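Here is how the chains run, residue by residue.
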Amino acid sequence: MNFLDAMAASSSGLSAQRFRMNIISANIANAQTTRTPEGGPYRRRDVIFGALPAPRTFEEELRAQVKEDDPLHAKVLGVAIDDRPPVLKYDPSHPDSNEEGYVAMPNINPMEEMTNLMLASRSYEANVAAYNATKNMALRALEIGRA
Amino acid sequence: MSGIFDRHVQLLHKSLDFRAKRNALLGSNVANAETPGYKSKDLVFENALGKAMNAHIPGPLNTTSLQHFDGRHATPLHMVKPEVIRTSNPVGNMDENSVDLEREMVKLGENQVVYQALTRFIGHKFTQLRMSIREGEV
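Those protein sequence lines, which keep their order, are chains A and B.
With the working numbering as the guide, the letters of the first sequence map in order to residues 1 to 147.
With the working numbering as the guide, the letters of the second sequence map in order to residues 1 to 138.
These aren't lab readings, by the way, just hints derived from the structure by calculation.
These numbers were taken from a predicted model, which means no experiment stands behind them.
C-beta: ideal position from N, C-alpha, C; glycine also.
Pairwise CB distance ranges, derived in the manner of DEER restraints:
no., chain 1, residue 1, chain 2, residue 2, range
1, A, Ser15, B, Gln10, 35 to 41 Å
2, A, Lys89, B, Arg103, 42 to 48 Å
3, B, Asp95, A, Ile28, 19 to 25 Å
4, B, Glu102, A, Gln32, 34 to 40 Å
5, B, Asp95, A, Met111, 17 to 23 Å
Bound conformation, chain B alone (with noise of 0.2 Å):
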């Protein structure tokens, strides 16, 4: 991202909605935790934005164009899409339902927790932003 905004803050907004985006399927999995033959389901999106962060790097092979294969199969930033996965219950229930109730309220908590944190550093490159733009005052 070219401008004032730099790729953090790109990668603060992915974060951020993919945070929100997960709080609701954790939040539909808390609602069907006893609708019959449900399965629950989870996003990741650590792996795919490892990934991304280190797409400038050029890959092993030379190119001469932004087009070329550099043998590295990196999505760029804003590409990068979170992926649904089914979480299994290791206990199981009897209507073939897999929601796990405690282990989806640790996780909208872990989400949560998360989520203000991103919202704190985001808020906090913006504070910055401001006070460069005004020459030092707050």
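Only chain A is shown next, with the shape it has when bound in the complex (with noise of 0.2 Å):
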């Protein structure tokens, strides 16, 4: 079904960027932790995009190959931790500071936060607006024939 796999396409990419979404506000949210579980302070995450086929069933997978036409989902492959090391902050005040006095901070660049927010919330309409022509598209076919 050409509208079912053009509406799944659309929603795989809402639900993609609005886990980018999640994981910046994650990051915004962090921008001054110093302690996470795996010790030391919250370092920034990245989301990783894959365009993959679209999920099939047992008997599709034995039958076909991907063809060249098939529409590709926007698929989170992963979440990646972003390596830049830490701020060093001069605090000597706060509990985290070491011998001389340095705290280190996560390295978020509020402004890189925000720009990559933007960025996620165009998408996420952009997939809205192709869901919607997908839709009206759907709508009229069902109007065919119809006195």
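Dock the two chains into a complex; use the hints.
And the structure:
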């Protein structure tokens, strides 16, 4: 079904972008976090997107190869941890400061995070628009043959 | 095609199919607008369709059977397949992704409008048929 395939592709884009927004929000929320379960300050996270064919049933998998005109879904392949070193800030009163009085703070640039958040939100809107286009077409198709 | 449905119905059917397929492909371009390495795709159809529409016109060579080669390379309408092309982005993104979001959105809009026009045409066609079946009553 073409329309359902198209809607599934758009929805894959929507969930991928929403996931990205969650990660960006976590980055902003933890801009000052100095303690994490893995130890040390919070480290910036980044999502990795990949284009994958739509999930198929076992039967379809046996029958077919991916055709060139099949829509590819946007999927989150994983979350990468940014390996930028933490920023050292001089704050001797901080409980996590070292002997010299420096605290290792997460290396998060709010400007960068906000730009990414904006991009994610625009991409999300673009996917909504694409979904609506598909929906309108499907509704028009239902009108065929009606007097 | 024989019977009450003429070539136009078949043509509209083919075109609607093509538009629906193209919509799915454009939608997946939008979904992958930020996937590194993704290459945007599009479907082209009109060229092949134009050739197929003239398939009933005999070619430059005389034939005595349908199986003979008439010098014209034409696929019959029901065999026409749209062609997938890779679209390039002249500006280019740094991550090898070739999706131009604005262009994809424009294509989606255009595709949707043409689809709606086609559904209207085919609906009109069926209304006409119904009218002739009912001897002029609508």
